[in-house]
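A.B. asks: Assemble the complex: chain X is given as a structure, and chain F must be docked to it using the hints.
One-letter residues, chain by chain:
Protein chains: 2
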Amino acid sequence: MKGSAEIICVGSELLLGDIVNTNAQFLAQELAQLGISHYYQTVVGDNPLRIQRAVAIACERSRLLLFTGGLGPTPDDLTHETLADFFDAPLAERPAVIADIQQKYERRGRTMAASNRKQALLPQGADVLPNPAGSAPGIIWEPRPGLVLMTFPGVPKEMHVMWQTTAVPYLQDEGWAADPIYSRTLKFWGIGESDLAEQVNHLFNRDNPTVAPYASQGTVKLRISARAASEAAAIALIEPVADEILKLAPGPYYGSDDDTLASVVGDRLRQTGQTLAVAESCTGGGLGHMLTAVAGSSAYFMGGIISYDNAVKIGLLGVSPSVLDTLGAVSAPVAEQMATGVRARLGTDWGVGITGVAGPGGGTAEKPVGLVYIGIAGPEGQVSSQAYRFGNLRGRDWIRHLSCCSALDLLRRSL
Amino acid sequence: MKGSAEIICVGSELLLGDIVNTNAQFLAQELAQLGISHYYQTVVGDNPLRIQRAVAIACERSRLLLFTGGLGPTPDDLTHETLADFFDAPLAERPAVIADIQQKYERRGRTMAASNRKQALLPQGADVLPNPAGSAPGIIWEPRPGLVLMTFPGVPKEMHVMWQTTAVPYLQDEGWAADPIYSRTLKFWGIGESDLAEQVNHLFNRDNPTVAPYASQGTVKLRISARAASEAAAIALIEPVADEILKLAPGPYYGSDDDTLASVVGDRLRQTGQTLAVAESCTGGGLGHMLTAVAGSSAYFMGGIISYDNAVKIGLLGVSPSVLDTLGAVSAPVAEQMATGVRARLGTDWGVGITGVAGPGGGTAEKPVGLVYIGIAGPEGQVSSQAYRFGNLRGRDWIRHLSCCSALDLLRRSL
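Heads up: the protein sequence lines correspond to chains X and F, in order.
Take any residue in the first sequence, note its place counting from 1, add 2, and you have its number in the numbering used here.
Take any residue in the second sequence, note its place counting from 1, add 2, and you have its number in the numbering used here.
Possibly wrong hints are sitting among the right ones.
One copy or any two copies: either way a pair holds, since identical chains are not told apart in the list.
[As the list claims (entries may be wrong)] Simulated crosslink set (BS3-like; lysine-lysine; CA at most 27 Å straight-line):
(1) 120 to 369
(2) 223 to 159
(3) 249 to 159
(4) 106 to 159
(5) 120 to 4
These are calculated hints, taken from the structure and not from any lab test.
Given the structure is predicted, the values throughout are model-derived calculations rather than measurements.
Looking at chain X on its own, in the form it has when it is part of the complex (with noise of 0.2 Å):
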């Protein structure tokens, strides 16, 4: 290990509270990942003078700075400008760079704007850190003996594939990181973090590997982390912990690592050579979406049918008028009914329905906000449905996400 480092991100937009610094947490488990030390982050505006005190500050404590934000083409974009002037290093135009970003636009059918050039101009004797997913370019720059620079742009689907294609292999070539730490994160749904949390209490205080719960978007997470000499070795330290984990919560278990609830689900459909249709409601779309984000899932899932109007549910789905009349849209019969009636419209194997008081409005005594039911129809023609009760604290989105996820878990444990 060569020292530590330390996260510097640029932009103004963070000192307003604009956006919230994912960047930040990205890059520090990363770090942490290729066990390289970092004891601090700095946020700093979009000011020269300001930046400069950071990097002064950051040169005396830390020997590998990543920054974060200011490589657009906008005149309040400054970060290379600005460390060029620090290390007194002149800036000068990359002619590949130029070239690259205006391939890259006419890909697009667009010609480059002539501030897009400024992105071209680096520090002198900085090396290129390529950009595949957008025109800014970073660099890794060893301005002095032992103090490594690197810059990614602030949008964080660029920096995260320049981080992984560049960074790392050259983090890894260099010496920076230590014995590399490796994980398997284990997936459940529908089981409570602090829940989860006191099965499996007693492996909290391990050392190699650790165990550590995480919450996000619903799913609880346990990432199991060993650092050894080869992936091997971490291996046969992660396995006995996962399997005593999966023994303590079977059933909520769905997935590890890059597994979603609609890349399992479809995993198993195509196992079994069966098809998908959905109907929904309050999620107008949702859960299609998110099952057709699984690349080659038009293996499986034939489409289905947004049933925002209850029109749409009786004249496309045979939900019955009556029941409608009678029970309301949000009612167990109703969604049953839009599973079997998507199920028998697309003729797929498999049908879901959804509906549900996603709020803010619409919520009755009877029928709060939350109350969401999904219906499964099944290949044997088998239908059942499911009540939940998600209640009103986290809003619409929230409830409308969990509704999708819920439905996929309880197709999950069908299939």
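C.D. replies: Frame of chain X; chain F shown alone:
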């Protein structure tokens, strides 16, 4: 204004990337609202020496230091201890704080743990910043003339209520707050950040109001911010600049502040009493999901058909099998037939059809990944379509996102 603020977030979980720093964003927004300048944010781990180093730096450049984190009962919660040490003040146990914590535990039928006593040890001379939502209080402390420290727990809910109930009144009473900043954000679709920036370049060097560009999720934003004693005075500063910008880029402008493409489309449909249905292939329901993210969208959005499979395009939307055979599913006629088909099927005024190659597979030289056709069918029977080439730089999710937004934008311009 007495001076500028600095946010110092203490917690090793931030350095490990286990959580995203929403506390910094909250405080940043609040400071902007109060008109208190704020130029730096620092994140540091639960380490006394590094906390002290961060404080030493902050004292030199800022006058109001806002700390979050490190107030809990566990041994790694060190903020108050470290600050007392740095400013050479003894820690003193506050009996009133102990009594308050005891009472809170009793109300929940629990007994205060011995470790909670630590939370009542505060630097001598500091005022208690009460925590109505949890056990750990913060402090308001002027350890040196003109230098004020405030500490908050890391738990966002506790921090927020402490900020609102005690910190904000204190800052206003003590003259820290300046004229507040009011801002209006103009939102644009279908124009690049650099292209828009070039058109309004002469406005970027203004002082009050300021104009700053941002881009997120394909939307380009210009934020006009005015510092003024009243909202009316701020509006008087903002309006002429907004008018000038809108004269320069009238087409791509779609709304301000909380407007979304979907809400703007919805507003227009509601005004004219017209209805809408969607037919989605590569977006799989994403457009419907965006439209129904708007509360009250049932007034104009009837639903749609997710025609992922060609059989659904033919069977439910009436797309011509021979056109599918000869031109393929990703073609202008299919997009148009999907739009007219769903309009007819659901009996709406407007219909939208989306078909494209979202990738990563399925692209050809003639129809590359990122090629998307959007069809619009209108109330007079008029039909049109547009081809988009989004390229393959940023992947499947991004192509699908751009497709949905472009469909909304095309519809907005058609309404």
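A.B. asks: It remains to establish, for every hint, whether it holds in the given structure.
C.D. replies: Tested hints:
For the identical chains of this complex, residue 120 and residue 369 are neighbours neither inside a copy (57 Å) nor across copies (33 Å), given an alpha-carbon limit of 27 Å. With identical chains, the CA atoms of residue 223 and residue 159 are at most 27 Å apart both within one copy (23 Å) and between copies (18 Å). Taking the shortest Cα distances, residue 249 and residue 159 never come within 27 Å of each other, neither inside one copy (36 Å) nor across copies (32 Å). In this assembly of identical chains, residue 106 and residue 159 lie within 27 Å of each other by CA distance solely inside one copy; the values are 16 Å within and 45 Å between copies.
For the homomeric pair residue 120 and residue 4, neither the shortest alpha-carbon distance inside one copy (33 Å) nor that between copies (38 Å) is at most 27 Å.
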